[in-house]
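Participant: Chains as they are written, first to last, in the numbering used here: chain A, 1 to 350; chain B, 1 to 270.
The reader is advised that the hints may include incorrect statements.
What the hints assert, rightly or not - Just a few of them, taken from the derived set where beta-carbon distance is under 10 Å, the chain A residues facing chain B:
hint	residue
1	43
2	71
3	83
4	100
5	108
6	110
7	149
8	153
9	158
Because the hints were derived from the structure by calculation, they are not lab data.
Computed from a predicted structure; not experimentally measured.
Every residue, glycine too, gets a C-beta built ideally from N, C-alpha and C.
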Amino acid sequence: MSLAAQVRVQRGMLHVELDVEVADGEVLAVLGPNGAGKSTLIRVLAGLLAPDAGRVEVDGVPWDDVARSVHLAPHRRPLGMVFQDALLFPHLSVADNVAFGLRTRGTARAAARAAAERWLARVELDGLGGRRPAELSGGQAQRAALARALVGDPALLLLDEPLSALDARTRLTVRAVLRRHLAAFAGSTVLVTHDPVDAMALADRVVVVEEGRVVQAGTPVEVSRRPRTDYVARLVGLSLLPGTGKGRSVRLDGGGEVAVADEVAGPVFAAVRPETVALYLARPEGSPRNVWPLRLAGAVPHGTTVRCELEGAVPLVADVTATAFAELGLAPGAEVWAAVKASEVAVYAR
Amino acid sequence: MSRRDGERTGAGVPLPLMVPAALAVAFLVLPLAGLLVRAPWSGLGAQLTAPGVGSALRLSLVSATAATAVSLVLGVPLAWVLARSRIRGRAVLRALVTVPLVLPPVVGGVALFLVLGRQGVVGSWLDETFGVTIPFTTTAVVIAQTFVAMPFLVVSVEGALRAADARFEDVAATLGADRWTTFRRVTLPMVAPGVAAGAVLCWARALGEFGATITFAGNFPGTTQTMPVAVYLALQREPEAAVALSLVLLAVSLATLLLLRDRWLGRAAA
């Protein structure tokens, strides 16, 4: 274990109680909504905020241990951090920004300069070292910030929403650069994000944090296939239906009933992917087992389809093609029939 | 948008605002114009090279510069403490250090005299221990000017520090910089324009200092007689010399304004 942290902090109304462990070379994504305590966690790991209780240990060295009054100042921690807005020092050239951490840690000017140039080339910014940060695009600035964080070969890399200030297209290219460098990075990485795509693309493991606590942990695939909270389900685009299994059926806590392919028992989640839901104006003939009369609550364009929010005994999200949506002539409040094959419903224990 | 601007810059200024505004301009500009009109232009050279004038001017420039240097060395750290530290009683501290901004300078001079005078708390100790007396020396001039002018620098730099993004200091910390290194290599360069503006303000205030100086340092030509004091005394004996000296100070003030124009006039126009 390279990073092991138990963090307890009270921030206003929010009580943060998070335990995380990250191995060498592993990338842990901390996924959660704003105000869930993600940034608090990363600030504690960086030493910018002292925890009220708990400990932070990296490579066996205690960085924080409240019980023993250990608190290593941030500048003594061998870490690199990338912030949401690149935060390159505006009064220094790009190369001097990248060299900054080496200089403060005692590397000679020429050697620091050479290392900075090497790292700028690695993040595809060769020849831009002489520029001022204001002369870089958002994506270039964030790549320079990544180089600045990695140049000192830190034991721990902290990424605080590194892509969320970028526009969609830049985000793709910077994510690719980030992915490459994370794969090559030998230390532990903690990535804080509210974007599940970042978590899925960059992380080996995901913890989902809500209201200061871990509500789910697992590989990106597990978390996205089998969400355990509405927040994650919404993020990965699933309808999450909690209920109780009996035979080949799940009786929902909300009142409806969902037929499933296999025998189930006890408290379970049933999860339905939006693209597996078909909509009809009249009850479909030769009916599949899962047919419910629902009401259209809202509809928004979603890629090439229209994402329909449905209310009723079995609240669902359905993706239908724009053509189908037009043919159905649906308006908010309209009554529709929704059908899902039993084999398309994923079921897993609560 | 452009139409609104047009309305605002148009002739539509209501009379009850226009008349007092015009009077205010006249009130502020006429005395300066009078100074220029009454100036003894032909004899100006002679006035300015008269004995005493040069030494007063030199003393003013040297003492104002020294006061600014002292204010920078002490005032910038104070501004940092007020803007960044979390020490208790910071609000009270801020109120205390800005008192000289509103205090009549003569009162400041009296206060300095009571503390640093030969009978004063600190002054008597200095006299007994080191045989040093401060009042009525050039050092007293610098102290009086620093007392009055440093708050201008502190307020200006503190404002710049508050406006600066403190997250850059977090970044520096994660890059291995302790707080002193962060201050030198990140904070100070980022607020440099604010420090420069504060220093210019401070210098201008020190240059024009009169009340505290004459109270605490007196009026000895060559050692404590600064330009404002010289102007005041000249006005009683030979008004023409007073006008000539005033012109020099006016020129210095205008130069100060020019130095700061990008910062203030530019912002007001934008």
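Participant: Now tell me if each hint is right for this structure.
Facilitator: Against the structure, the hints come out as follows:
For residue 43 (chain A), the interface hint holds, the least distance from its beta-carbon to any beta-carbon of chain B being 8 Å, beneath 10 Å. A distance limit of 10 Å between C-beta atoms decides the matter here; for residue 71 (chain A) the minimum to chain B is near 13 Å, and the interface restraint is violated. Checking residue 83 (chain A) against chain B: minimum C-beta separation of about 7 Å stays under 10 Å; hint holds. A cut of 10 Å between beta carbons decides the hint on residue 100 (chain A): the least distance to chain B is about 5 Å, and the hint holds.
A least Cβ separation of about 15 Å between residue 108 (chain A) and chain B goes past the 10 Å threshold, and the interface hint is therefore violated. Contact between residue 110 (chain A) and chain B, as hinted, is not supported at the beta carbon level, the nearest pair being about 18 Å apart and thus beyond 10 Å. Below 10 Å, beta-carbon pairs count as interface contacts, and residue 149 (chain A) has one with chain B at about 8 Å; its hint therefore holds. Interface hint status for residue 153 (chain A): violated, as the beta-carbon distance to the closest one in chain B is roughly 12 Å, over 10 Å.
At a threshold of 10 Å, the smallest CB-CB gap from residue 158 (chain A) to chain B is about 8 Å, leaving the interface hint in force.
Hint check: violations occur at hints 2, 5, 6, 8; the rest are consistent with the structure.
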